Amino acid sequence: MATHKGFSIRGIGARTIDSVLRLGYATRFIARTIASSGTSLKRPRLVIRELYFTGVLSLIIILVSGLFVGMVLGYQGYYTLQTYGSESALGVLVALSLVRELGPVMAALLFASRAGSAMTAEIGLMKATEQLSAMEMMAVDPIARVVAPRFWAGFISMPLLAAMFSAMGVFGGYLVGVVQIGVDDGSFWSQMQSAVDFHKDIMNGVIKSVVFGFAVTWISLFEGYDAPPTAEGVSGATTRTVVTSSLAILALDFLLTAFMFGGV
Amino acid sequence: MQRSTLDLWVGLFVMGGIGALLVLAMKVGNMSSIGGGSETYALTANFDNIGGLKPRAPVKSSGVVVGRVSGITFDNEKFNARVTLNIEKTYKFPKDTSASILTSGLLGEQYVGLEGGGDPVNLNAGDRIKQTQSAVVLEKLIGQFLYSKASEGGGDKK
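From first to last, the protein sequence lines are chains W and P. Mapping of the first sequence onto this note's numbering: position 111 corresponds to residue 111, and the numbering continues sequentially without gaps. To get this note's numbering, take the position in the second sequence, counting from 1, and add 264.
So that you can see chain W by itself, here it is in the shape it has in the complex (with noise of 0.2 angstroms):
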C-alpha cells in the first residue's frame, strides 16, 4: 500500500489510490458478511442479542427526541402557519416533514452515533485484544459470528427506529399544536389525513430508512474492522464512523429525496 503522505502530488496520488483501495477493501467486506449470514439465521438468537444492544437500548434517545422534536415543529409550524391564517394545516406539516425527511434522517444520525459508534468500539477492541484471531484459530469465522449479526440487526432496527420517531413526533406536534396552543383537533387530524399518502410519503420514509441503516451499519462495522488494533487506532475509527456516517446519511437523502419527490 501507498505509503507517501503529505501535500505533494505524490502525496495526492497516494491518497486517492488509498481511499479507493479501502473502497474496494469495505465492498468486498459487506459482500462477505451478506455471504456468511447463514450463521444468523441459523442461530436467531445471536441477531435477537445484538437487536437488544442496537434496536433496545436507543429506544429512550429516539423517541424523547421524536417527541421534541415534534414539540418544536408544533411551535414553529405553528408560528408560520398562523401568518397566513393556515394553523389548521399544522397536522400536515408536522406529519409530511416527520414522516418523508426528519424522522429517517434524524432517528439515522441518532442510531449512528448511539449504536453505530458502539459497534465500531466493541468490534475494534475485539479485533485489538485480538479475539477475532483468537476465533479464526478456533475456525470460527469471525465476520459469521461477530459482523453479520451486527448487520442484521442494525438492518432490522433502524426502520423500526424511524418509524418509532416519526410516530412520537406526530404526537408531540399533537401535543404541543392541539393540547396547548388550541388547533382544532378534527382539522388536524383530518387535514394530516387527507395529505399524507400511505405509499408515496410513509413507504418512501421506510425505504430511506432501510437504505440508512444499510449504511450505517455497514460504515461502522467496517471502521470497526478494519481499525489498527491500537488505542488510538480505535478511537480514530469510532470518530471516523460517526463522522462518515452522518455525511453519508445526509448525502443519500439528498439522492434518495431527489430521487423520489423530485418529480413532483
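Keep in mind that the hints were calculated from the coordinates and are not lab data. Hints are not guaranteed to be accurate.
No more than 30 angstroms apart at the CA atoms, straight line, and that leaves these computed lysine-lysine pairs for DSS-like [said to hold, decoys possible]:
#1 K353/P <-> K200/W
#2 K342/P <-> K356/P
#3 K291/P <-> K356/P
#4 K200/W <-> K324/P
#5 K200/W <-> K413/P
#6 K200/W <-> K404/P
#7 K413/P <-> K353/P
#8 K200/W <-> K291/P
Quick caveat, the model's predicted, so the values are computed rather than measured.
Following the hints, position chain P against chain W.
Here is chain P on its own, set in the frame of chain W:
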C-alpha cells in the same frame, strides 16, 4: 445470560416498531380512504385552463371525495389540458356529467368537482366528460373587475 428478559425486550421493541408503522399508516396516512388499493376506473376531461390543479388532487361530487386526479397532460389535438380522473368503482355518473375545477376556501387546494346530470346512461371507463369549466384565475377575475369599473367610470364622465 438472561435469555427470557432479552427476548421479551426485543419482542417489545419489534412490536413497538410495527405498531408505530401501523399508527403512521392508519392515523397519519390515508390508508382507510381512497388510494389504499380500492378499485377505480378512469375518466378524462379537457379543460381550457387547469389553474393550479395537481396530480393526486381529490375529485369531489357534492363534497364527497369520489376519486383522485391521476394525470394531467397537454392535448395536442384540442390544444388544451387533458385531465385523467380515477373514480372509485362504487360511484357512477351519468353521461352528461359536468366537471369543473374548484378551490376549497379562498387560498386552499384545487380539486375537480363533478355534477351529475339527468342522462339515464352512465359513463364508462375511458369516457370523456364533455362539459367542463376551467379554473377561476384570480388575475383574470381582477382584470375583468377593473375593466368593468373603468368602463363605469368612463360612462360617468360622459
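Here's how the hints hold up against the structure:
no.	hint	in the structure
1	K353/P <-> K200/W	22 angstroms, holds
2	K342/P <-> K356/P	27 angstroms, holds
3	K291/P <-> K356/P	29 angstroms, holds
4	K200/W <-> K324/P	21 angstroms, holds
5	K200/W <-> K413/P	47 angstroms, violated
6	K200/W <-> K404/P	35 angstroms, violated
7	K413/P <-> K353/P	48 angstroms, violated
8	K200/W <-> K291/P	16 angstroms, holds
In the structure shown, a violation is registered for the earlier hints numbered 5, 6 and 7, in ascending order.
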